[in-house]
Every structure is written in C-alpha cells, then in structure tokens.
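Given these sequences and hints, build the entire structure.
Sequence lines, in order, name chains A and B.
If you read the first sequence in UniProt numbering, its first letter stands for residue 1, the second for the next number, and so on.
If you read the second sequence in UniProt numbering, its first letter stands for residue 1, the second for the next number, and so on.
Calculated from the structure, these hints are not laboratory results.
Check before you lean on any hint, since a few could be wrong.
Stated by the list, open to error - Distance ranges between label pairs, derived from CB positions:
{"id": "1", "chain 1": "A", "residue 1": "N135", "chain 2": "B", "residue 2": "D201", "range": "56 to 62 Å"}
{"id": "2", "chain 1": "B", "residue 1": "N29", "chain 2": "A", "residue 2": "S238", "range": "29 to 35 Å"}
{"id": "3", "chain 1": "B", "residue 1": "R93", "chain 2": "A", "residue 2": "F106", "range": "30 to 36 Å"}
To be verified - With the C-beta cut set under 10 Å, the calculated list includes, among others, these residues of chain B facing chain A:
{"id": "4", "residue": "E150"}
{"id": "5", "residue": "K206"}
{"id": "6", "residue": "E227"}
Even glycine gets a Cβ: it sits at the ideal position worked out from N, Cα and C.
Protein chains: 2
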Amino acid sequence: MTYCVAMRLETGLVFLSDSRTNAGVDHINTFRKMRIWQRQGERVIVMLTAGNLSVSQSVVNILNERLTIPDAPNLFNAPNMFEVARHVGEVVREVHRRDAEAMNEFGVEFNASLIVGGQIFGEAPRLFNIYSAGNFIETTEDTPYIQIGESKYGKPIIDRIVRYGSSLSDAAKCALVSMDSTIRSNLSVGLPLDLCVIERDALAIKSHISINQDNAYYAQVRSQWGERLREAFAELPSPDWI
Amino acid sequence: MTYCVAMRLETGLVFLSDSRTNAGVDHINTFRKMRIWQRQGERVIVMLTAGNLSVSQSVVNILNERLTIPDAPNLFNAPNMFEVARHVGEVVREVHRRDAEAMNEFGVEFNASLIVGGQIFGEAPRLFNIYSAGNFIETTEDTPYIQIGESKYGKPIIDRIVRYGSSLSDAAKCALVSMDSTIRSNLSVGLPLDLCVIERDALAIKSHISINQDNAYYAQVRSQWGERLREAFAELPSPDWI
Chain A
1 MTYCVAMRLE TGLVFLSDSR TNAGVDHINT FRKMRIWQRQ GERVIVMLTA
51 GNLSVSQSVV NILNERLTIP DAPNLFNAPN MFEVARHVGE VVREVHRRDA
101 EAMNEFGVEF NASLIVGGQI FGEAPRLFNI YSAGNFIETT EDTPYIQIGE
151 SKYGKPIIDR IVRYGSSLSD AAKCALVSMD STIRSNLSVG LPLDLCVIER
201 DALAIKSHIS INQDNAYYAQ VRSQWGERLR EAFAELPSPD WI
Chain B
1 MTYCVAMRLE TGLVFLSDSR TNAGVDHINT FRKMRIWQRQ GERVIVMLTA
51 GNLSVSQSVV NILNERLTIP DAPNLFNAPN MFEVARHVGE VVREVHRRDA
101 EAMNEFGVEF NASLIVGGQI FGEAPRLFNI YSAGNFIETT EDTPYIQIGE
151 SKYGKPIIDR IVRYGSSLSD AAKCALVSMD STIRSNLSVG LPLDLCVIER
201 DALAIKSHIS INQDNAYYAQ VRSQWGERLR EAFAELPSPD WI
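Here's what the structure looks like:
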C-alpha cells in the first residue's frame, strides 16, 4: 500500500509520500513514490504514485523517454499544467493498452492513481489527481488537497486543519501528522518519507527532504502530537451518565 | 455505510453505533443498528450490525423467532457468550443459505459484519466480531476493541487512547470522538447514535442513550475536541526548513 498527499495553497504546493510497497505482507520493499522534473525559473512538476508498482514505474519511464524525442509532447514542452495532466493521462492509457489484458489474465487489476502538480511560467500552481482511466480532476480553493492510496486514517486531521489560506509550513506539518496517523494504523505504509515544498512563482523546489527515523523534527512532531492528543482528550468533559 | 465500535475493558463493555443506511447517496435512511437482549441479573447481550441491511434484519428476526420456540438454541438459553456467538453465526449462515444465491444473481454481495458482546452469569464479559461466513473472533486484552463498517477514519484516536485498563467513561468518550471524526469525513455515517454501557458483573444495561444533534454532551465533545486539536496542532513546532 501507499499513502501520498498533496496540497495546493495560496502560497504554493506541498507534496508528501511514503515509500513502502507490498505484494502481500511477506513481500515488503522500499520504493520512492515521488518524482520531480524542473527547469528552474520556467517550470517545476512533481508526481506522486500509488497503485500497481509496475504500472507507475512504466508511466515514469515513458514520461522520461518522451523527454528525449524531439517534437513529441512531453513534460518540458507542455504549455501549461492542464496539458501536463493530459500528457500523463495519455501515458497511463498507453500502459493500460499494453499491459492491462495480460495482468487481468493473472488476476491482477490495472490500478494507477497519480498526483501531478506544479507550476509553469505564466500560470498559477495547479494540482491534479489522475486516475487509472487517464482522466483527472483538479483541486479547488474549497478542496485544496488530494490523497491517494491508504487515505482514510489521515483524512480527519487534514479536514480539520488545512484550508486554501493555510501557510506552507502549517500544511507540511499537517501532512506529516496525517502520515503519522496512517503509519501507526497501517503496517503497509512506512518510512522513509519524501517531502517537497514549492513556493508560488519561485518555479523551483524550495525544499525536498527525505525523512527517516532519525529525523529530529519528525520524531518531535510524532511524540508531541501523541502527548497533546492524550492531554486534549483528558481535558474533554466526562459523560456524567456513566 | 455504517460505523460501529465496541470495547471490552476490565470494568465492562461499551457499544456505539450510528444509524445511517444508504443504497446509493440518493437513498439514505435511518435504521438503528443496536439490538439488546437482557434478563436482569442473569444475562445481557448487545448486537451491532453492518453490511447489507436485509441480511442484518433477517438475522435479528430469526434470533427473536428462536426465542419463542421451546428447547431450540437461542440467546436466552445459551450457556455462555461463546455459544451466543456460535448461535448468531449459525443464523447468519441460515440467511446465507436462503438469500445469497438470489442476491448474487442481482449483483448484490452477501455482506454481514456483526459485533456481539455481553455477559452471562458465571463468566466475564466477552466481545465477538462475527463475519459473513458465520465464523468469529474475540477481543483480547491486547486488542480490546472491534470496529465494523467505515472504520478507518476513527481508528487512529482509539489506537492512541483505549487500553484494556481504560475506564468505561473514557472509552465511551473516545468512541464518541472516533464517531465524530468518521461523521465529518463520511456522509454515509450519521446521527442519531446509540450508546450502550454495561458494567462488569451488573448483568444489566448501565446506560443506553440515543444521541442526536440536540445532545448537549455530544455537542460539547464535538466542538471542544475540534478546538483542542487545532490548539495542539498550533503548538507543534513548525519546520524551520520551509
């Protein structure tokens, strides 16, 4: 399984992914799920992947191949983020045409769920969720975030905290708290994490860090959040009818 | 959808259920999912139901029918809670034999998930999760709770708070916080709620209340929990690298 979340805020974009893959609980590996393409000052694109690993790796490989073919549509010549999302959707369909039938014969579902976001010079940052069928939706100010993979454990805290007007720092913090809740409840989501932050109009990555068990900030967030939750819970009034 | 949770603690049992059913988002109704059978001083049994409503209603009706047939195994003559769980499992299988094939023909999955718990004179309180196949598992001191239905949103807070040694009052409070997180994230879980508390060795219901929007305690828990979470979040250190 996987848990990835991304947020499009007034001031930029935040992306967070775990790195655990599993084909059964006895076949667990670490694969990064975040890919970055950037030309500083012109465009920056981040992709997070969930679903069947062979599908998402094929998508990434084809996207990179296309970068080397002159005049073909690719991530570096797409005129805007909408065209980037269409291009990625087309590549997902290409993989589907090639692999889905054979996968189905072996009882394996063709399953891909992608988050693609970024900014291209001339427009605001944008964030898309691309489905297995290659179609996609975009975040709005009302719903500024997208989750893929094992999303439910970590959704309530995002719903309570993150708004379009939230700061990048608060959004990154909330993404980490949401990830912590997911990791505690689901063995198939695990460290290390990839966290990437893009400031609006910078057209470059602001920070991209890998977080493992030794990361002091993440450790502090984990332990302090657990403590504070228990304190907050203890301060709630007790039912007087029990 | 449905969300139900029950906990078996050192000092007794807590049961909480919502009451929303849906067959598509345009077909939403209110059905209670908690059933209680008791003979004060001798036994008290509570059942919570999730899955296909026709299945769970059939199970309840057959369980009640059996109470009127002399000498047949039933909820009032089962010698212990293990036999209660077996009896309920048998009834689930009976409904399966009768309805599953016809349901499958119409593309409807036979889907039942039940929580059955209580205490019978002579043994400690016990709590079971009964599956569609009629088999079941029992809680232990390590894992003192069972959730059925839409369980993921409300799981992290229970994992952080509830232990076998928790008080009945804390467990009921935590069940309500867990329900609140679920209701906020999933439209198909909704009020009114049924909350039932059984004290160990009382062999009777201690309290059984219905909670709707006007319930002052639930309203206070909802608003105060939301506030405290936001405060706790604000107090977490901000990442200094963003």
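Here is what the structure says about each hint:
1. A:N135 and B:D201 have their C-beta atoms about 59 Å apart, which keeps the hinted 56 to 62 Å range intact.
2. With their beta carbons about 33 Å apart, B:N29 and A:S238 fall inside the hinted range of 29 to 35 Å.
3. Remark: the range hint 30 to 36 Å for B:R93 to A:F106 is upheld by a beta-carbon distance near 33 Å.
4. Below 10 Å, beta-carbon pairs count as interface contacts, and B:E150 has one with chain A at about 8 Å; its hint therefore holds.
5. Taken as an interface hint, B:K206 checks out: its beta carbon lies about 7 Å from the nearest beta carbon of chain A, inside 10 Å.
6. Below 10 Å, beta-carbon pairs count as interface contacts, and B:E227 has one with chain A at about 9 Å; its hint therefore holds.
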